[in-house]
Every structure is written in structure tokens, then in C-alpha cells.
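Engineer: Residue numbers (full-length UniProt numbering), protein chains in the order written: chain A, 1 to 495; chain B, 1 to 163.
Worth flagging that the hints you see were computed from the coordinates, not collected in a lab. Keep in mind it's a predicted model, so treat the numbers as computed, not measured. Glycine included, every Cβ here is placed at the ideal spot set by N, Cα and C. Errors might be hidden in some of the hints.
Among chain B residues calculated to face chain A with C-beta under 10 Å, some are [stated by the list, open to error]:
id, residue
1, I20
2, I21
3, V110
4, S146
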Amino acid sequence: MTTVVKKTPIHKRLKDNVDYLKSRLDIGPFNFDVGHRDLKMLGKEMSIFYSNSLVETPVIVALIQNMNFITDNHNGARNMFDLLKTHFSHLQVSEITSLDEVVDKMLSGLIILLIDGENVGIVVDTRHYPGRTPEEPDVEKVIRGSKDGFTENIIENIGLIRRRIRDERFRNELLQVGERSKTDVCISYLKDVVNPDLLKAVRSEMKKINVDGIPMADKSIEEFILKQGWNPYPMVRYTGRPDVAAAHLLEGHIIIIADTSPSVIIIPVTLFHHVQHAEEYRQVVAVGAMTRWIRFIAIFTSVFLLPLWILLVQHHLLPGNLNFIGPNKHNYHLPLLFQIILAELGIEILRMAAVHTPTALSTALGLIAAVLIGQIAIQVGIFLPEVILYAAVAAIGGYATPSYELGVANKITRLILTVLASVFGVPGFVIGVTVFIVYLARVQNLNIPYLWPLIPFNPTGFYNIMLRRAMPTARIRPSILKPQDKYRMPKQDNG
Amino acid sequence: MPETSGKEDKQGKSLGRIAIIGFFAGLIWGLVGFVEKYLNFSKVGPSLILKPWALGDWKNHLLGEFIGILLICLLSIFLALLYKVTLAKIKSIWMSVLFGFFLWVLVFYVFQPWIPGLETVRELGKNTITTTLCLYILYGLFLGYSVSFEVDSSKDSKAYSNK
């Protein structure tokens, strides 16, 4: 689409400009948060346009005082415009020439000064967006390590990363997405590390986004960039931690930051990016490796425990020395599969309820849940104790998954495998698992195989997944990203 | 000439990596095969590879399974190198799936008469057939896809090299 947008230039007469903007924006009772302030200095009419919900009033007051001061000191100056532009006491001052830009800037929280007789306006950045201060993200808590997290403000978020990477080659490309929302979106990368083809692909996908607004910020962008259809597995990693974002930038990933979202997107990622956690990197190598292994076991359990159990007990495949695994009595009333589905449903409803319940009531909810599902359901004969046990262990495994998105995707897989195992027995289960693995191996995420470094197998990459390397020995960047600069350790002159 | 020696070195490294891929293909899927036999999914386990030879009684016990896995690892190194010189140019993952399927046909139809104690496919039962078939397909996928990916990436690693 190449429609040439005709821009309205700024008129020479101030009154024309004011009338135009008034009619375009309905300044007044129909649009209370935009306004203008008329001033007269040294006999010149001028007007400041602003939107009062996004500007910092004290700064503007100071600026007007400053203007009075300038004009008082330069009584009789000929060129009001140059005078003001050179003497404004603010960092970000620039010029614009069209009324469309005036509208755009004004609605992003900048103020515009239009002077009678000039067809150029002065823009001063006095933005102050409503927001909160950085705090630790709820889903990625660590025991040691920085406790700051991204907020809803893109500038603050970039600041949090910039504090960690002061590199001159660190780039932040800002662009606006959404015809109506005009949301700021930033592509961040290290210029001499990132794979240029990848960057080009991401950039062109971003420019192709054609939509009125993206209130769901980064999630909407993800859906535009990676068309994943019905595949439940997460194709990008989200993080709310600036240290995680910075670590990935240094590896050669691209970070996409969308304004109004407290999480950023890391691309490209594989399945194994979703099973790592910042905590592992804050402990000694051995402890980090152990936590990681336990996490792997938890994730594996969350997918395979329930289907395996139902397969073994329902189709009588238990080997001799595992024979103790129940149910030993066969006097249960509901079929096992039905019990499992009921229990899964119960746990899921409980989880949703817990998210929506205010903290004051959550203790009560927990009590009801424990008593209801844990005990009474068994006593009245709906559930076997084993069903509760295995469903609960699988659910806990799901919660131990570092990536929430992966946990939910695994839940879907678990349910499908459980049904297959119960209905079709061994063939159902093994064919199900095979199709699942082949399907994931076939997925290409921005030209990167989703199961790398397991399938296709890469010894170095696999080692780094299984055991975390100590920083001094992690010499190279992950080869799958094809970084321009393979080595993490710059060559040093020892002279 | 430094350039050619660098190239040879690279090729040597690539061969080494392919050997490692083969070894791990045998190890990972051999272990999976062992677990599948232990959980009675399938009547045959990794010790199948020992069946044609007259060895001690141990080959039918746990030790046999582990020695079987070890032998499969070594055999897989050979298979990986074979895959490199034959099919590695075809990048599609379906080729490697077919490779696994082909191996299964080879073992359970062509070699079957020479493997004492291995029943014909008709007598194996559907559990054993599906389990082994799926295992061979995953093994083929792992080995073939990894090898062709390795060959492919060692070829154009020059494209993004620094400067």
C-alpha cells in the first residue's frame, strides 16, 4: 500500500492554525484533555498546544516563565522564533512544519508552540506518562539478583536495559504500529552481533503490520510476526526482567519492546529457552545444574506422568517390581480416564478462580479447594486417591515450568496423550508421542528448528542446556543464531 | 598453506561432530528402547542386537540390554557417517523419517530370519510393532535431521562469519 498522505502545512496566520486544530480535534467540551493556551509576547501572538493528561505541568510552567525571561532580556529582538528556539531551557526541542505532525505530537504528550507569522512550529518534549515505578515481575522471581522489572513505559524499559549495556553498538529502533493507537514499538539489538538477515526479516514484518491498534501490545505484535496458527507451543519468550533481556541481547537475540506492556519479547527462541530460569545463573554452577535438572524432571513429569500411569494400570503393563502401583482395588465407580479429566478440570478451574480472587479471600479459597478436592471427593467415591496424587504432581510440574506459556501448552499435550493412552493403549500412546515430537521438530521459528539443540542435535548447544556453563568458560555465542561475532570474549591486547 | 589446512581442520571437526551425533542417537533412543521394553510396551529391547550371536546367558538380562545400547551407539556412529555421504544433502525431515522406517523394515523383515528369537512381524503383536516402528522413526529423525543440519550449517558458516 503506497498511498501518499497529503500533509497540511502550518499556515502563516496563527488564527488559521488555531481554527484548523480546534475543528480537527474538537478542543473544548467534546475533548477535554486537549487544549491550547494563547500568549502574547513582545506584541506577537503565539499559542501553545498540549494534551493535559500526558504532560508534566511544572515543566511547562517553568518553560513559560523562561519564555518571559528571554523576551524581557531581548527586548526589541526581531526574530521571535529563532530567539525562543535557541534559548528554550529544555533538552528536546525540534521543529515541525505540518499540522498533521502537530496533532500527532500533541497527542503523544509533547507541547507545540506556534507563533503568528511563522510556518514552522517548535516542539518541546514534556511528556509524562502515567505509570508505576519498576518492581520485581511476579512470574520471574529470584532469590538473589536485581529486583527491578520492566514497567508499562517504553522509555523506562529501554533505560533499564541501557543501564546494563552501555555499548555504543547497542541500537534501539523506534517505530509506530497501529493506525489509530500509534503505539511505540522498539527493536533492540547489538549492531555488530545480531544476524543481519534476521534483523531485516523482523523489520520488514513489523512494517507490514496494518491494524488500527494493538492494545495487547507485545502479544499482538508476536501474532503478526510469527504466524503460528493452532500450534500451542510458545514461539517467543517473554520476560519482565531487564537482566534476562540484556543477557539475550549479548547472545545475539533481538528484543522487541512495546509501549504499555511490562514484558518484552525475545526472538528467536527454541523450546529450550522456555525451560531456563534466571535463578540458575545466580547460583554456583553445580547448584545451577542441579536446579535445572530438577526443573527438567518436573516439566517431563507434567507431560508424561499421567498418560504413563493410566496406560500402565489400565492396560496391565506394570513390570513385576512396580506392581505395587495402584489402584489395587477395582471397586471404583467412575472410569479412570473420566476421573482424570474431572480432576484436571477441577485444578484448572481452581487456578482460574485463584487468579481472580482478591488476596483477602484467597486463603478461604485455598481451604475450600483443599478440603473439597483433596478429601471429600475421595470419601464420597468420585476420585481414587491415586488420581488426585498423579494429577496434583503433574499440575505442580506444570507450575514449576519457568515459562507460563510452555506450562499451558504442556497441559494440552498431557490431556491429549492421556486420552490416547487410555482409549488406544500402547499404540495410541507411542504414536501420539511420535507425532508430537515429529510435529515439534518440523516447526521452524524464524528459520530456527524449534527443538534445537536436541533435534537437530548439536553437542555444544546440548551441553549448555544440560549443564549451565560458568561465565568465564562460555566463550561462544549460540551457533544457531548465526551471530556476526561468534566470540563473547573480545580479543585483548596484552601489550 | 594456512587456508587449506584450516579447511581440513574444519572438515575434521565436522566429521567428529557427526560421530558424536551418531553416538548420542544410539544412546538416547537406546535408553528409550530399554525403558519401553521394561514397561512391557514392546517384546524387544536394545539387546536385539546381541541375538544373532551365541553369547552367555547374560545377554538376556539387564547387562545384555546395556551392552546392547553400547553396541547400538557404535553402530550409530557408522550409520551417521553413512547418512552423511548418502542422504545428507536432502534437508527435509521426512527423508530422515523415511530413513528410520527403512531401518525398521530392514531389521524386522530382511534380517529377521537371521535373528534367532525374533518372531515374524505377524506374530509380534500390535504393541511391539507400533512401539518399535515409532522408536525407529524417531531414531531416524534424530540421526538424519541432525546430520543433514550439521552438513548444511558447516557449509554456509562462512556467510555470517565476522568480517
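Engineer: Each hint needs a verdict: does it hold in this structure or not?
Structural biologist: Right, here's what the structure says about each hint:
With a least beta-carbon distance of about 5 Å to chain A, the hint placing I20/B at the interface is held under the 10 Å criterion. Annotation: I21/B was flagged as interfacial toward chain A, and the flag holds, the nearest CB pair being 5 Å apart, inside 10 Å. Interface restraint check: V110/B against chain A, minimum CB-CB distance 23 Å, threshold 10 Å, status violated. A hinted interface residue such as S146/B counts as satisfied when its beta carbon comes closer than 10 Å to some beta carbon of chain A; here the least separation is about 4 Å, so the hint holds.
In this structure, the one hint that does not hold is number 3.
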